[in-house]
Structure formats: C-alpha cells, structure tokens
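Spelled out, the chains give:
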Amino acid sequence: MSFPGAFGRGVMQILKVNGIEKEFADGAFPGTLSALLDSLDVNAATVVAEVAGSIVRREEFGRTILEPGQRVELIRLMGGG
Amino acid sequence: MDELVIAGRSFGSRLLVGTGKFASPAVMAEALEASGAEIVTVALRRVDIDNENDDTLAAIDRDKYLLLVNTSGARDAEEAVRLARLARAATDIEWLKLEVTPDPYYLLPDPVETLKATEILVKDGFIVLPYINADPILSKRLEDAGTATVMPLASPIGSNQGIKTRSAIEIIIEQSQVPVVVDAGLGLPSHAAEAMEMGADAVLVNTAIATAAAPVAMAGAFKSAVEAGRTAYLSGPAAAGRQASASSPLTGFLRD
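In the order they appear, the protein sequences are chains A and B. Counting the first sequence from 1 gives a position; the numbering used here is that position plus 1. Counting the second sequence from 1 gives a position; the numbering used here is that position plus 4.
Among the hints, erroneous ones may be present.
As the list claims (entries may be wrong) - Each pair of labels, with its calculated beta carbon distance range:
#, chain 1, residue 1, chain 2, residue 2, range
1, A, Asp42, B, Glu34, 51 to 57 angstroms
2, B, Pro241, A, Asn44, 33 to 39 angstroms
3, B, Gln181, A, Phe25, 54 to 60 angstroms
4, A, Gly70, B, Ala62, 29 to 35 angstroms
5, B, Ala242, A, Gly20, 55 to 61 angstroms
6, A, Arg72, B, Val116, 43 to 49 angstroms
7, A, Asn44, B, Glu83, 21 to 27 angstroms
8, A, Asn44, B, Ser14, 30 to 36 angstroms
9, A, Arg58, B, Lys144, 32 to 38 angstroms
10, A, Asn44, B, Gln181, 31 to 37 angstroms
11, B, Ala30, A, Asp42, 19 to 25 angstroms
12, B, Ala236, A, Gly63, 25 to 31 angstroms
To be verified - Negatives, chain B to chain A, calculated, CB over 12 angstroms:
#, residue
13, Ser17
14, Ala47
15, Asn74
16, Arg92
17, Asp107
18, Pro115
19, Ala172
20, Ala218
Everything labelled a hint here was simulated from the structure, so no lab data went into it. Even glycine gets a Cβ: it sits at the ideal position worked out from N, Cα and C.
Only chain A is shown next, with the shape it has when bound in the complex (with noise of 0.2 angstroms):
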C-alpha cells in the first residue's frame, strides 16, 4: 500500500550515495549494486564500494542486495600525489 505525500508523490525509498540522499519512487528502487551504478550511469569497472560500512568488491556488485536507508559509497582511484 502507498500513501501519497503532501506533495502528490508516492512513498520514495532513500539510499545515501556518497553522502547525498537518492530517493526511488515505488517500483524503482535499485535491488543490487549493480542495479544502482547502471541508474546512476557509473562505469562499474573502476569502482569498489562500501555497504553500510562493509567493502563490497567488483565481482560481488551483482549479488549485493540493497536496502532502503543504506549507506553506500562509490570510490574510485583518480589522480593523486
């Protein structure tokens, strides 16, 4: 069941990418890693994550299940000294 909000929206499900709030309407929300870089359009190949905390390695992006209020960091190696 889903409550319209003040604003006529649906109830949206939030992540918490790299520090700023993502929020999915109903039906739209990213099941796993990989779900979410291919909406966010970030080459999965030259980023590791974290999950709520934990390290999440390439291989294993597929098969990361993701929930509503999750932390989730994308880093990738750039150009440093």
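Following the hints, put chain B in place on chain A, whose structure we already have.
Relative to chain A, chain B alone:
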C-alpha cells in the same frame, strides 16, 4: 643505474611520480613515460555521481607501472585504514602510500596517527610506504613497525620549495635500514639531484612535473637529474674545503 629494492621488489628507476594535477590523461601518460618511473601514486575519491565522467586513470598501463594508492584525505589512523582497505579491494595491490594529514593548510603528516595506522596495516599484510615529516626518531619507529620505506618530506606538499629539511633527512639516510624516499616539495630537477646526492634511495615528484608548462619535458629533466644525483652519490663526492686547492700542478711554472 643500480636497482632500487623495496620490500624485495627491484626497480630500475629511482623516480616515483604522482598522477595528480595533470591537464589531461594523455599528458599524464606521456609524462609518466618520459619520467621512466615504475611506481606511480594515485588517490581514492568518491565517484561524482551527479557528474559522471570518464576514468582518468584508464590512461595508465597497469602492467607497466606499480600503482601506489595513497590515503590522502585521511585525517586520522582510522580513516587511513579504511582508505587502505578500499584501495586494496579496488586494485588487489597491497602497496600503500600512507599519508595522514589533519592540517589542511600545510598538509603536514600526523606522526602519532601515522605510526598507529602503520601498526594496524602491517599486521593486515600491507606494504606500507609512509609519508612523514623529516623526523629521524619517527623514522626508526616506523621502520621497527615494519614499513617498507620511509618517505620524509623536503618541504610542504606541492610547495616546490626544495629541501628545507636537509639536516634531518641526512640523519634519516644515515640511520635508516629501509629505503628513504624524499617526498613532497621538490620543485626542480636540481632539488631531486640534491636529494639523490645526499644518498636518498629515491624521490617522489608530482606537482613540479604536472604543473610545469611542458610536463613531458620536465619529467625527462627529473629523470636525468635523479640519475645524475645517484651516480654522483655512488661516485664518492670530493671533499669541500674553505680554501682554494689548485687543479693544475704547482710546479714547472715558467719563471725563475
């Protein structure tokens, strides 16, 4: 040039190069090539999810260069350990440039937190190359804790001031049982040559190359300077004196 050995691995080059601040990935790749470096440093950062762009490090040939991920941005041991573990998960490389810099103005490394992080990371199987202030006692403490090198700073990161910590670095070189890599603040090839002439095992340069008007040519200049400095060190520099010492014979003058 004689080989540099760090943690049992041999390298032909004694110049380590950072990958930050380059105008483009193509210039960076060309500069790395010109530098002859075999170890290059990189950082870990959050993906900009609202402005996704290409992987700028795709230009680095990972078969050719050992990626040394740094923990830049870490303000204490806990943050550094977290970054280190992410780095290992991202690269499958255990080599780590440990830097813990709580001070945003001078980016000076925190000795207490650096030692604390080292103890955790060495136990966890990392090959730790710590960035430190030029402190001979800290240097020995880190060596005892199992670091693969020590990397004392010449002057603050990116300042291009050259070697302002000379006498302390001389003591570190004299006492260290692990390779000494002079890191940070080397602004010119002559600074790099000076460090090598002092007996440093290697130097790490980023800003001086990346922000030069011609980074590729400057990378080549640093390569030559490091080689010259190392050769000079191995050649046993002649003694300096206060008075003149004639280079030509003092006999056989054309006078009575």
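Evaluated hints:
1. For the pair A:Asp42 and B:Glu34, the beta carbons lie near 29 angstroms from each other, so the given range of 51 to 57 angstroms is not met.
2. At about 51 angstroms, the beta-carbon gap between B:Pro241 and A:Asn44 misses the expected band of 33 to 39 angstroms.
3. A beta carbon spacing of about 55 angstroms between B:Gln181 and A:Phe25 agrees with the range 54 to 60 angstroms that was offered as a hint.
4. Checked against the hint of 29 to 35 angstroms, the C-beta distance between A:Gly70 and B:Ala62 comes to roughly 34 angstroms, which is consistent with it.
5. Between B:Ala242 and A:Gly20 the C-beta distance comes to about 58 angstroms, which sits within the given range of 55 to 61 angstroms.
6. Our hint of 43 to 49 angstroms for A:Arg72 and B:Val116 is violated, since their Cβ atoms are close to 29 angstroms apart.
7. Between A:Asn44 and B:Glu83 the Cβ separation comes to about 26 angstroms, which falls inside the hinted range of 21 to 27 angstroms.
8. A beta carbon spacing of about 34 angstroms between A:Asn44 and B:Ser14 agrees with the range 30 to 36 angstroms that was offered as a hint.
9. In this structure the supplied range 32 to 38 angstroms holds for A:Arg58 paired with B:Lys144, their Cβ-Cβ distance being about 36 angstroms.
10. A beta carbon spacing of about 43 angstroms between A:Asn44 and B:Gln181 contradicts the range 31 to 37 angstroms that was offered as a hint.
11. At about 24 angstroms, the CB distance of B:Ala30 to A:Asp42 agrees with the hint of 19 to 25 angstroms.
12. For B:Ala236 paired with A:Gly63, a C-beta distance near 55 angstroms fails the hint of 25 to 31 angstroms.
13. The beta carbon of B:Ser17 is kept farther than 12 angstroms from every beta carbon of chain A, the shortest such distance being approximately 17 angstroms.
14. A beta-carbon of chain A is positioned within 12 angstroms of the beta-carbon of B:Ala47; the least distance is around 3 angstroms.
15. Non-interface call for B:Asn74 relative to chain A: violated, since the shortest CB-CB distance, roughly 5 angstroms, does not exceed 12 angstroms.
16. Not every CB of chain A is more than 12 angstroms from the CB of B:Arg92 (nearest about 9 angstroms), against its label as outside the interface.
17. Even its closest Cβ contact with chain A, about 16 angstroms, leaves B:Asp107 beyond 12 angstroms, as expected for a residue assigned away from the interface.
18. The Cβ of B:Pro115 lies farther than 12 angstroms from every Cβ of chain A, with a closest approach of about 20 angstroms, so its non-interface assignment holds.
19. The claim that B:Ala172 lies off the interface holds: its Cβ sits roughly 21 angstroms from the closest Cβ of chain A, which is beyond the 12 angstroms cut-off.
20. A cut-off of 12 angstroms between C-beta atoms confirms that B:Ala218 is not in contact with chain A; the least separation is 18 angstroms.
The structure does not agree with the numbered hints 1, 2, 6, 10, 12, 14, 15 and 16 stated previously, though it agrees with the rest.
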